[in-house]
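Below, each chain spelled out in residue letters.
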Amino acid sequence: MSVATQDTAIRTGRVTRTLIYVVLILFALFYLLPLYVMLVNSVKPLDEITGGGMMSLPDAFTIEPWKQAWASAQIGVEPTGLKPYFWNSIKMVVPAVAISTVLGALNGYVLTKWRFKGDTILFGLMLFACFIPFQIVLIPMARMLGLMGLAGSTYGLSFVHIVFGIGFTTLYFRNYYAVFPTELIRAAQIDGAGFFHIFWRILLPSSGPIAVVSVIWQFTNIWNDFLFGASFADASSQPMTVALNNLVQSSTGVKEYNVHFAGAILAAMPTLFVYIVAGRYFVRGLMAGSVKG
Amino acid sequence: MAQSANADLKTRLQNWIPKLVLSPSLAVILVFVYGFILFSVYLSFTDSRILPSYGWVGWENYSKLWRLSHWEISLTNMGIFALLYITLCTVIGLGLAIFLDQKIRGEGMLRPLYLYPMALSFIVTGTAWKWFLDPGIGLENVMHTWGWESFKFDWIKNRDYAIYTVVLAAVWQTSGFVMAMFLAGLRGIDNEILKAAQMDGASNWNLYRRIIIPQLRPAFLSAFVILSHLAIKTFDLVIALTGGGPGRATELPATFMYSYTFTRNQMGIGSASATIMLMAIAAIMVPYLYSELREKR
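These protein sequence lines are chains B and D, in that order.
Each residue of the first sequence is one higher than the one before, counting from 1 in the working numbering.
Each residue of the second sequence is one higher than the one before, counting from 1 in the working numbering.
Extracted from the complex, chain B is given alone in its bound form (with noise of 0.2 Å):
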């Protein structure tokens, strides 16, 4: 099929034409509002907003409230600004992101060529633990991750990210390694290769694309995770969006919105950057995990 084929065979006239591209701009508008602002609010004195100008551009423009929403904006009893919060955030991430990902490629290799009976059943249930409204594991998690020692740690939010992002990863993977040749596999089976010797020198090689997209889901997700970042860490580990949060949210002293809005572009960045440069990736990843095949 080629690139036109794709394209709708409707034709439209000139008046429903300006239509639709007023609406589609409009929307457009919609879209982006927010952002423009916390944007434009996030680089003007405090006045300036609350005298009514939150939808101007700034006159005097300042870099002041992001100095203050990184470096020493109130968050908790702590004057630290969202700093540590961000390296927190950065330290669950990472391994989390990296361990999901490498067991997903194997679970998905071993659902789709060592196929056995009721592997169809073991990979539902470990789909539909993606789906679960995660307030039914809070409580008895936060009594286990006590007994084993991570509570309140960022390697307990890793872990619980690990537990809970494997279903993802294991589709991921299950789709895109099911329309591999199994041929090769066979045949690579009868040249005397073994499991991890086929994985890593038939399978990995052509990863990449759908191990981007893992990638890029898992950081999505877990970096912008608040409920399991909100029960089980402490002061010292809480991730950035519970950090956001409780910036914001604090009842004491006057409220800087400026350095609301820019502690939230703070915190909105990592996963906008992700989706700037790798956006087709991104959409890929969501559309899997709804859509499945």
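You can take every hint at face value.
Computed cross-link-like contacts, DSBU-like style, restricted to lysine-lysine with a CA-CA straight-line distance of at most 35 Å:
#	chain 1	residue 1	chain 2	residue 2
1	D	K19	D	K233
2	B	K67	B	K83
3	B	K83	D	K157
4	D	K157	B	K255
5	D	K157	D	K233
6	B	K117	D	K233
7	B	K117	D	K19
8	D	K157	B	K67
9	D	K233	B	K83
10	D	K152	B	K255
11	D	K233	B	K255
12	D	K10	B	K117
13	B	K91	D	K19
14	B	K91	D	K233
Derived from the structure by calculation, the hints contain no laboratory data.
Assemble the complex: chain B is given as a structure, and chain D must be docked to it using the hints.
For chain D alone, kept in the frame of chain B given last:
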């Protein structure tokens, strides 16, 4: 002889390796997901308060739960929220997808703009909308300084309307994603049928109504499943946007469970509410996953 026995052992080992590789993931999921689910369900039948306790109380937590006005509010809000959220996301998503599918110049630029909210944390989304909708500094205040003195928009502070601001922010976040799902469906439709129908003189409206939209059924189903599951799990957005308030006006089951378990120390009732949430999601996800995985064979 020895060599063939050795080879035999090797093949047997080879047969075990795949299962061994799968087993850590499976073990972890069986214990930390399914074991914990059983434990939480069990807690919902006990007299647990601030800590788990094992005195069996039967259905007492459930009957208490259903008498709580707080829970009733959460469920009513869930109904309003889920209905509007799913409907609006579907309508906007389908509309944008159909419009974008008309050989639009600049589609490559518009699509990412519609989708980027999906990459953000709900806490970020909540923060941005919270201050934008705040009557003191946000839209209302801006309109006043622009000269529209009588403009009033205080939904986020209004008990009767606050839940609609949660809908607004949630639709903002996910409608672009639904658009992408429908667009993928539209791009997969065979143009030959459309051309044939056009020759027969079918109008665009009829083409969409009779041929195209019915063919998008799988996309509708996926959108519904994903959106309803997201709706039931909505938690962070409410925390960041309204904190459940004003009063209890925007409490949802997820925030109810959290506050009953962790701040009100009613772990038994909290577990009962979590069990009901799980049932609701299972009722949607289990048949869906079952049919998806079965077709694959």
